[in-house]
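Visitor: Take a look at the letters that make up each chain.
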Amino acid sequence: MDLVPPLAIRFVLDNARFAAGVFILAALSGCASLMPQTMELAKGLPPGLPDKVELTETPFFSQQRYQCGPAALATVLNTAGVKVTDEDLVPEVYLPTREGSLQVEMLAAARRHGLISYQLAPRFEDVLREIAAGTPVVVLQNLGMFSSGWHYAVAIGYDYEKGTLVLRSGTQERDVMPFGVHEVVWLRGGYWAMVVMPPDKIPATADENRWLASVAALERIGDARNSRTAYRTFLGRWPENVNASIGLANAHHSLGELKDAEAVLRKAESRAPDSVVVLNNLAQTLSDLGRDQEALPFAERAVAAGGPFAGAAQKTRDAIAQKLGSKGAGVQRLQ
Amino acid sequence: MRSSWTRMLCRLLMVLMIWTPFQLAQAGMIGTDQLVVASANADRTTVLEFLGRADVANQLQSFGLDAKSATDRVAAMTDQEVQMLAGKINSMPAGADSTGIILLLIIVGVAVWWIWFRR
Chain U
324 MDLVPPLAIR FVLDNARFAA GVFILAALSG CASLMPQTME LAKGLPPGLP DKVELTETPF
384 FSQQRYQCGP AALATVLNTA GVKVTDEDLV PEVYLPTREG SLQVEMLAAA RRHGLISYQL
444 APRFEDVLRE IAAGTPVVVL QNLGMFSSGW HYAVAIGYDY EKGTLVLRSG TQERDVMPFG
504 VHEVVWLRGG YWAMVVMPPD KIPATADENR WLASVAALER IGDARNSRTA YRTFLGRWPE
564 NVNASIGLAN AHHSLGELKD AEAVLRKAES RAPDSVVVLN NLAQTLSDLG RDQEALPFAE
624 RAVAAGGPFA GAAQKTRDAI AQKLGSKGAG VQRLQ
Chain L
60 MRSSWTRMLC RLLMVLMIWT PFQLAQAGMI GTDQLVVASA NADRTTVLEF LGRADVANQL
120 QSFGLDAKSA TDRVAAMTDQ EVQMLAGKIN SMPAGADSTG IILLLIIVGV AVWWIWFRR
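These protein sequence lines map, in sequence, to chains U and L.
So for the first sequence, my numbering puts the first residue at 324; every next one is plus one.
So for the second sequence, my numbering puts the first residue at 60; every next one is plus one.
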């Protein structure tokens with residue numbers, strides 16, 4: 324007996340197979356566009372990267388409920404040499420009624436421990452480069468179906484041949500995730516990734532200006548000692564950067580090292596003789612050293628240069644003139 | 060009546076706590092942070108930024124922090140970070156849990172493997 328299915332059924336079966344084929348193809352091409360960077364990586368390993376890296380020494384903090392933020396941050400802070408536990412960090416990054424941690428606070432909290440936080444460019448390759456340079460990377464993933472499900476994990480390794488990323492994630496010490504899966508959940512947070520560096524190091528993928536802003540952020544919260552180290556390190560790499568010199572001088576100034584501040588600013592002044600900030604800060608430093616006579620010409624030049632800091636320069640100039648006594652103060656005033 | 064006074068007092072204290080670092084800033088020196096972020100008018104942004112900080116600290120408090128941690132946290136932020144948060148905390152991602160990896164991801168995973176090994 325030959326059991327030939329009736330024509331109608333055969334038609335449906337064939338079509339089902341065909342439909343399934345179409346569906347899988349569509350899903351695959353759909354997925355491909357969901358993971359553009361993975362597709363790019365699939366073409367070849369970017370130059371200079373090893374095939375396989377895993378930072379096995381990276382500590383692991385198994386997260387408590389909702390507290391992947393503190394756990395991820397503790398992981399990278401410890402790698403950068405600061406001994407803290409995830410519990411120590413709860414009051415610094417966890418928001419009780421949001422039951423989670425904000426990205427901004429992850430960046431800010433590292434500074435409270437004398438470290439510099441840096442948000443990476445939204446590139447998969449940069450994550451791999453940081454790992455290859457020995458720096459674990461905090462990534463924000465969205466593992467939920469809709470908008471909730473945000474999660475911080477720490478990428479600590481990869482295997483290019485297998486196409487997998489290794490993460491310290493949640494309660495998993497070694498979570499292995501295919502590149503594409505990671506990209507899909509990572510893309511939903513706008514490819515957000517950060518690294519945390521001790522002040523004497525620079526991230527492998529650091530952009531000059533954005534790294535300077537990261538160092539200035541540490542200086543801004545009043546950590547002059549560590550920002551002094553960071554500016555020195557910065558100038559070791561980019562010696563021509565006048566803003567970094569100003570930063571170094573500011574750090575010296577707030578540590579009371581006025582002579583050092585003066586030396587740095589004089590060098591900067593020879594390179595950028597029209598910089599209002601260099602001139603103003605040099606004038607102020609000289610004045611703080613009790614050398615108002617010497618300071619005044621720099622203050623005058625700062626005022627003359629104008630720009631967005633003209634107001635501050637005018638105030639500095641007036642204060643110096645006042646200290647010198649009223650004799651020349653009114654006459655030489657520049658309008 | 061009493062609670063509105065308390066609230067007023069809390070606000071005042073918070074403003075004072077936030078104001079302190081500005082008073083500590085060194086007279087006469089132009090800060091590096093003002094420099095690396097180009098701004099058209101340095102004096103004006105300082106005032107706006109100060110208001111933003113008090114505002115964000117208030118919001119953080121409404122998410123369950125005490126006044127001290129709220130101000131400490133805001134103090135560690137840059138001006139742009141404060142501006143990013145102002146008024147938007149509720150709509151921002153807050154990384155929380157790793158549970159709930161879903162079927163979709165498994166399908167995506169299979170697709171990924173296919174792509175990776177067919178390259």
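Just so you know, the hints here were simulated from the structure itself, not pulled from any lab data.
Among the hints, a few may not be true.
What the simulated footprint calls covered on chain U by chain L, stretch by stretch (three residues with Cβ under 8 angstroms from a Cβ of chain L suffice, anywhere in the stretch; the number is not a length) [claimed, not checked]:
| id | stretch |
| --- | --- |
| 1 | 432-439 |
| 2 | 496-503 |
| 3 | 564-572 |
Reference listing, derived: stretches of chain U covered by chain L, where coverage requires no fewer than 3 residues with Cβ under 8 angstroms from a Cβ of chain L [claimed, not checked]:
| id | stretch |
| --- | --- |
| 4 | 381-392 |
| 5 | 449-455 |
| 6 | 472-479 |
| 7 | 518-532 |
| 8 | 541-553 |
| 9 | 635-641 |
Please read all numbers here as calculations on a predicted model, not as lab measurements.
Cβ atoms here follow ideal geometry from the backbone N, Cα and C, with glycine treated the same way.
Visitor: Can you list which hints this structure breaks, lowest number first?
Guide: The structure breaks hints 5 and 7; every other hint is satisfied.
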